[in-house]
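Q: Model the full structure from these sequences, guided by the hints.
Top line first, the protein sequences correspond to chains W and D. Residues in the first sequence are numbered from 339 upward in steps of one, following my numbering. Residues in the second sequence are numbered from 14 upward in steps of one, following my numbering.
Worth flagging that the hints you see were computed from the coordinates, not collected in a lab. Any given hint could turn out to be false.
[Said to hold, decoys possible] List of simulated lysine-lysine pairs, DSS-like, C-alpha gap at most 27 Å:
id, chain 1, residue 1, chain 2, residue 2
1, D, K131, D, K114
2, D, K188, D, K32
3, D, K184, W, K471
4, W, K868, W, K795
5, W, K364, W, K795
6, W, K471, W, K898
7, D, K138, W, K471
8, W, K364, W, K898
9, D, K131, W, K471
10, W, K870, W, K795
11, W, K868, W, K471
12, W, K471, D, K181
[Claimed, not checked] Okay, the calculated bits of chain W under chain D, using three or more residues with CB under 8 Å as the criterion:
id, stretch
13, 526 to 535
14, 540 to 551
15, 730 to 737
The C-beta atom is built at its ideal place from N, Cα and C for all residues, glycine as well.
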Amino acid sequence: MAEHATAPESHDGEEGHHHDLPFWRKYIFSTDHKVIGIQYGITSLFFLLFGFSLVMLMRWQLAYPGEALPIIGSLFSDETMPGGVMLPEFYNQLGAMHGTIMVFLGIVPLAVGAFGNYIVPLQIGAPDMAFPKLNMASYWVFVMGGLVMLGSFFVPAGAAKAGWTSYAPLSVIETMGQTMWLLGMVFLITSSLLGAVNFLTTIIQLRADGMTFMRMPFFVWAQFVTSFLLLLAFPPLEAASVLQLSDRLLDTSFFLPSGLVVSGEALDVAGGGSPLLWQHLFWFLAHPEVYVLILPAMGIVAEIIANNTRKPLWGYKVMVYALLFLGFMSFIVWAHHMFITGMGQVMSTFFQTTTMIISIPSVIILTALFISLWGGSIRFTTPMLFALGFLPMFGIGGLTGLPLGLAPTDIPLHDTYYVIGHFHYVVAPGTILALMGGIYYWFPKMTGRTMNDALGKIHFWGTLISMNLIFFPMFIQGLAGVSRRLYDGGEVYAHAQGVIHYNEVMSIAAWVLFLFQIPFIVNLIMSMWKGKPAEDNHWEATTLEWAAAPSPPVGHGNFKTLPRVYRAPYEYSHPDFHDDFWPQHTPPEPARQPASV
Amino acid sequence: MQIPYTVAPRPDTGVYNAKIGVWLFLASEVMLFGGLFSAYIFLRVGAPAWPGEIHGVMYARASEILNVPLATLNTMILIGSSVTMVMSWASLAMDRFDRYKLYMGATILLGFAFLVVKAFEYGTKFEHGLLPAEHNFLAIYFVLTGLHGLHVIGGIIVNAYFWGPGAKMWKTNPKQFTNRIEIAGLYWHFVDLVWIFLFPTIYLL
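A: Put into structure tokens, the structure is as follows:
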């Protein structure tokens with residue numbers, strides 16, 4: 339064990355003190371990054387389930403348009419589902435809020451808030467985040483944003499209905515739910531900003547002795563770039579939200595053009611604004627946001643793959659450079675979401691070129707992960723199954739994105755189910771599989787117990803298969819020209835008739851997907867108390883989070899003495915070492931080596 | 014266990030935690046105001062004339078609506094407050110706590126003076142019925158200066174805390190207190206800098 343780093347003198351006194359913290363300081367308003375990470379994790383898993391429930395309701399309407407939803411339908415009010423039949427307005431609320439909740443309240447807080455918070459300080463050998471109080475604040479601001487979003491369902495005329503993108507001018511003339519949406523976004527953006535400042539400072543300042551940038555695990559790199567994206571891409575959306583709030587509350591016309599006619603009547607506003615302005619500001623955030631969703635997932639997959647192939651990641655440095663390049667490029671591709679807005683040929687040409695360029699680093703990272711499998715003696719553990727599932731799923735998601743990045747092919751595909759299929763492949767069977775893998779991988783460190791393998795494998799296969807059954811038919815429907823956001827799934831359109839029957843298959847697959855999450859939920863809860871006790875270094879891994887013993891690591895400090903780092907993050911099966919894993923903090927011991935051979 | 018580098022700089026990066034934290038925060042603020050300035054450019058480029066016709070009166074330039082002398086005064090006030098802010102930090106670095114109190118007090122008062130002038134400017138606009146809903150020029154003027162005003166208020170609150178109750182730290186941990194003033198100063202200079210961009214963009218161009 340590395341005992342080189344000197345612990346600050348106050349260490350012993352502090353430790354005794356922290357055991358006396360009252361319950362609410364220890365578990366509710368905690369400043370310990372591990373507790374905050376778990377708070378983020380539980381909250382975001384709840385929101386993932388909630389956002390998923392919204393879409394399960396929508397899928398009933400898509401599979402059986404206009405039919406009453408038995409039993410569950412009777413629980414809803416007459417303003418949403420009278421007699422169990424969903425109203426179009428309610429369908430739109432569900433659609434807008436499904437996207438918003440899954441992205442901003444589900445995946446980002448799970449990927450960054452939960453995993454980032456819990457794992458990053460451990461992996462760099464830090465006692466906590468750089469600003470623990472700020473960390474707590476960012477969690478509670480996030481909770482407030484979540485509550486505002488949930489509360490918006492109960493205001494007059496319900497939640498936001500203008501889609502998760504909130505395109506103007508529709509969003510400006512929307513009902514009160516949209517104001518709630520904007521307020522909720524301001525909270526969520528503020529929370530992300532506080533978090534991003536904290537992560538970046540922590541990674542730059544609190545790396546342990548010897549933990550140079552090129553010795554950081556790939557997961558930390560992924561969080562580092564992600565934080566930069568959150569830091570720099572979110573504020574323009576905050577600006578846009580302020581402008582839209584002003585349009586809604588002060589009757590300004592930032593996004594309202596002159597001469598706008600709504601329901602046959604000219605709107606009484608000054609005009610002179612531009613709906614395109616909203617789209618530019620929105621996508622300036624929302625494209626980097628896509629990478630906020632995917633990069634932490636890639637980080638998790640890299641950790642799991644290195645650990646389970648028992649060999650170093652192939653091309654670690656190239657992956658890091660690709661990551662940095664990806665982060666930079668993600669700021670100059672946003673308008674590929676806007677090819678059909680009439681913004682002009684020059685703009686389209688520029689943005690389709692940058693979009694083709696940004697696919698290169700993604701392919702580099704994915705390829706490096708694939709090559710990392712080559713020649714490894716792979717352990718097919720549950721987390722590894724999820725990581726292996728991620729690779730082809732993200733591959734499908736990425737490759738189907740190429741036609742959307744080029745203006746000529748995007749124009750017919752735009753706003754069809756093809757787009758929905760594409761980004762869901764990236765986010766659902768892509769990111770969510772990786773995040774699930776991350777839960778199975780780090781659960782032993784977080785709780786000191788292991789999750790059940792059999793249940794984990796049922797969860798994996800069920801999830802993988804049903805997700806594909808949901809999302810693959812979307813490509814077929816989209817290529818046939820079925821538009822997204824149709825209340826009846828396209829039933830009234832002649833061109834949809836050949837592919838409309840897929841809706842039922844997809845809906846049943848969505849409900850089956852829910853059933854396959856039950857073993858996961860049972861596993862998660864049961865294993866916290868009843869799971870097999872885990873070793874300190876359960877997966878025989880090399881990175882520092884496993885050096886923080888016991889599991890879970892001690893509160894407020896993580897390490898008994900701060901570790902010192904001697905080598906690269908993934909020294910598996912190194913010829914100079916007796917074990918097949920050589921932890922980063924194990925000091926070189928040349929004298930003892932012959933004895934152990 | 015204590016978090017390292019809260020006061021002393023980390024040798025290889027050369028900064029203490031909060032300093033890098035505030036620089037990152039300011040980077041995000043640049044993007045926030047950058048987004049709003051971009052919106053300004055976007056709207057202005059799309060408009061047939063700027064500011065154009067408001068209440069049936071044609072305005073060829075912004076200075077015909079906005080009060081340039083008052084804004085110039087406010088520019089001077091803010092630049093002055095930046096100077097006193099530096100002086101308050103320098104006083105602490107030179108171990109002169111009494112002069113710190115004086116300069117920090119002056120910074121706070123100048124911040125208030127800025128707000129008073131601004132409020133006066135807003136008041137005249139409201140009197141003449143020049144409300145944000147009337148025209149996009151007025152809308153972007155009120156949103157940009159309003160958001161900047163909120164930043165000034167935030168800065169005054171922070172400075173007032175360090176002038177009053179927060180100053181107790183000088184007795185227990187003078188080094189950290191000096192760092193805190195440096196950081197508050199960085200933020201205050203940024204708010205000043207935003208105004209330096211805002212003033213010509215909105216009032217003069």
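Q: Compare the structure with each hint and give your call.
A: Quick rundown of the hints versus the structure:
| no. | hint | result |
| --- | --- | --- |
| 1 | D:K131 x D:K114 | 26 Å, holds |
| 2 | D:K188 x D:K32 | 13 Å, holds |
| 3 | D:K184 x W:K471 | 23 Å, holds |
| 4 | W:K868 x W:K795 | 18 Å, holds |
| 5 | W:K364 x W:K795 | 34 Å, violated |
| 6 | W:K471 x W:K898 | 22 Å, holds |
| 7 | D:K138 x W:K471 | 42 Å, violated |
| 8 | W:K364 x W:K898 | 19 Å, holds |
| 9 | D:K131 x W:K471 | 34 Å, violated |
| 10 | W:K870 x W:K795 | 17 Å, holds |
| 11 | W:K868 x W:K471 | 33 Å, violated |
| 12 | W:K471 x D:K181 | 20 Å, holds |
| 13 | 526 to 535 | holds (count 3) |
| 14 | 540 to 551 | holds (count 3) |
| 15 | 730 to 737 | violated (count 0) |
The structure is inconsistent with the numbered hints 5, 7, 9, 11 and 15, although it conforms to all the rest.
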